[in-house]
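Visitor: Work out the full structure: start from the sequences and follow the hints.
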Amino acid sequence: MAAAEALGAARYFTRWYKTSRGGRARTSACCSTPTGTGRDCAGAALSTQGHGFAPLRHGNCQSCCRICVITLAEAHPLLQPGKTITSINYQISPNCSRLQNKVSGKSKRGAQFLTELAPLCRIASSDGEEYTIYSCIRGRLIEVNENILSNPALLQEKPSTEGYIAVVLPKFEESKSVTQGLLTPEEYKEVLLKRQNSSSGS
Amino acid sequence: MSSLTEKDRPIVQLLLSAGTCPRCIFRFCRVGSQTLYRHPYKDLMKDLKQFLEGNQEEEDRACFDVADPPCKRFRHGHTEEGADDLNQNGVLSQIPLANDGNADVENSDVENSAVEVCNVCLGILQEFCEIDFVKKHAAWLLVKQEMGKLDLSLAKDDIVQLKEAYKWIIHPQLSEELGVPTDGKSLFEVSVVFAHPETDEECRFLATVCPDCFKPAKNKQSVFTRMAVIKALEKIKEEDFLKHFPCPPSSPKNLCVALEIQCNNGAVFVAGRYNKYSRNLPQTPWIIDGERKLESSVEELISEHLMAEFKADRRPFAIELVNPHRIHFTAEEMKGFQQTINNSSDKIQVRDLQLVTREAIGRMKEGEEEKTKTYSALIWTDKTIQKEHIAFLDDIKELKLDQKTPLRVLHRRPLALRCRIIHTMKSQYIDEHHFRLHLKTQAGTYIKEFVHGDFGRTKPNIGSLLNRTTDILELDVESVDIDWPPALEN
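Those protein sequences? They're chains Z and V, same order as listed. Residue numbering for the first sequence follows the numbering used here, beginning at 1 and increasing consecutively. Residue numbering for the second sequence follows the numbering used here, beginning at 1001 and increasing consecutively.
Quick caveat, the hints were computed from the structure, so don't treat them as lab data. Incorrect hints may have been included.
Taking lysine-lysine pairs in the DSSO-like style, the calculated list, with each CA pair at most 30 Å apart, reads [claimed, not checked]:
no.	chain 1	residue 1	chain 2	residue 2
1	V	Lys1365	Z	Lys158
2	V	Lys1387	Z	Lys158
3	V	Lys1347	Z	Lys106
4	Z	Lys106	V	Lys1365
5	V	Lys1400	Z	Lys171
6	Z	Lys158	V	Lys1347
7	V	Lys1347	V	Lys1426
8	Z	Lys106	V	Lys1293
9	Z	Lys102	V	Lys1400
10	Z	Lys102	V	Lys1215
Guide: Right under this line is the structure:
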């Protein structure tokens, strides 16, 4: 879960987490984190452990790029051992399929607009459970990951990169506030720890 | 097409009685002889009337005679009219007519110095072609001149544009006054801006009839842009138009007003090749929320001193210098600039500094798509590698990539799928987690995304080829394989 180090002139990662306060996600009691969100800025660096070469650092670079990538958080039930995904469905209602999302131009006209609670997809597992993945970010839906439709295992093998769910572009005015309701990796760890402690205590 | 014929008679008759000036009548009759337009106004009026009265034979011999040098005749005409009649705009004063606009011009209006304002050009092809006006200010016309006012079938494109006719008349006058040749395609532009407030209001009806043509845009002061009006006029049905706008147009009470004259020198382009010697130097200024993130940039270093500094291979660049006051430089002077740039900073170096044309810049931009580039990338892998794991990369030729717009630029570029080719690769093993890769690629390839895969949105990628998680630590451009700008002898 280590955040990637800054590499090159204009890019770094920041990961933010969204946990449900209960009730919203239809998951079992133990660990109900519907989605994790990775916020990418200027592309790249994948999971990094120490590199042999020290990459160049440029001090505090503020994020210049507002693109958000929605991925499953590490503690999501679907990412736990023993879960097999049987289907991924982007048709979230009779009238709305995320696959039909078409954007054009720089301003991404035509994009479906998402609120934090907008469902992105529904994923079913072999044990009969169904999980709804929510956007957690307000903004325009740029694309959903079609690779996981053909290869659902990708979602579990590389949830934070190639197994991403969707790409969302918040409104320019909201780009700073979009992370206000979200947790940093440290805060997320704390939430998880608390949950583990409370469930083991009871 | 150089003079009027019998078939033009009905048009001439119609327009003249509607209050249209002779030059506009010529335009509608597709008269293409520029010299005719330069004849003095009075003569043209006289000739037109003769044309209407006379028979065919006579009119062929009538004064559509291009033999006389227009300038001389023009001056002659001007002094006749007398300086006293000129008002502030350098135009003839108006004597208000007893009846409304559609006065019958055959009752010797021509003999007084008063001239009815043309209902089409609003005076631009009348008084504003007078030699005196050349010395005064002018204003842009805000409304389209030709509004479908004739029932006669006349293709709009056949009509001589008012702008063209104006230029035909004014160019020789400017030439004579300023002592320089005129060239329609010159880089030095003189803009004359006309306004006619009277007709401003008359066009508002277009907005009610064709509301979808007039969408307010952020940067524009008024929705009545030229394009919007043109679009609306194309859309509007004739009947609707005629309901709101008199046909033929009424004669305006006032001439249009000349607001200003603007002079603009065309941009010059300086090109060269640069090398960048610092990784902390971005190509363009990096500013977020008004705050600069990295000091300086290639663009600024070049612009400030016409210089750039740089490393390894030199990359072509071009700078547009807007509205320069001096445009001619010798090769020696350009070399001098190059030297000054190279002396002033050790972060960049330039060569082949030269003046180029706008077209050449277009070719450079094309080169961005068509040419190849060579890079050197330092790559990290999560799982260990041995030499044999990366050796196969050297054998891959013409690898086709499908690259979706990288996430790092997606906020400012459209989402698209690009097919690009990696022509060749050459790997250099460093250690279990690192190797260097030299690649020759089609211009426009996103190298970083080819290395790390950009969430699987660039396929294939080095990560997928090696079946590992990979990342790029360093990227250097080794060469840009385009032979532009031309190398100079240094």
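Visitor: Does Lys1387 of chain V pair with Lys158 of chain Z here, judged by a C-alpha cut-off of 30 Å?
Guide: holds (26 Å)
Visitor: So if I understand the rule, the pair passes when the alpha-carbon distance is 30 Å or less; does Lys1347 of chain V with Lys106 of chain Z pass?
Guide: violated (34 Å)
Visitor: Sort out whether Lys171 of chain Z lies within 30 Å of Lys1400 of chain V, counting only the CA atoms.
Guide: Roughly 35 Å between the alpha carbons, so the hint for Lys1400 of chain V and Lys171 of chain Z is violated.
Visitor: With a cut-off of 30 Å on the C-alpha distance, tell me whether Lys106 of chain Z and Lys1365 of chain V pass.
Guide: holds (20 Å)
Visitor: Hey, Lys158 of chain Z versus Lys1347 of chain V, does the alpha-carbon distance stay inside 30 Å?
Guide: With a Cα-Cα distance of about 41 Å, the restraint between Lys158 of chain Z and Lys1347 of chain V is violated, given a limit of 30 Å.
Visitor: Below or equal to 30 Å on CA atoms is what counts here, so check Lys102 of chain Z against Lys1215 of chain V.
Guide: holds (24 Å)
Visitor: Does Lys1400 of chain V lie within 30 Å of Lys102 of chain Z when you go C-alpha to C-alpha?
Guide: holds (25 Å)
Visitor: For Lys106 of chain Z and Lys1293 of chain V, compute the direct alpha-carbon distance and say whether it is at most 30 Å.
Guide: holds (24 Å)
Visitor: Measure nothing beyond the straight line between the CA atoms of Lys1365 of chain V and Lys158 of chain Z; if it is 30 Å or shorter, mark the hint as holding.
Guide: At roughly 38 Å apart (the allowed maximum being 30 Å), Lys158 of chain Z and Lys1365 of chain V break the hint.
Visitor: Taking 30 Å as the top limit, are the C-alpha atoms of Lys1347 of chain V and Lys1426 of chain V close enough?
Guide: holds (29 Å)
Violated hints, listed in ascending order, are 1, 3, 5 and 6; each of the other numbered hints is respected by the structure.
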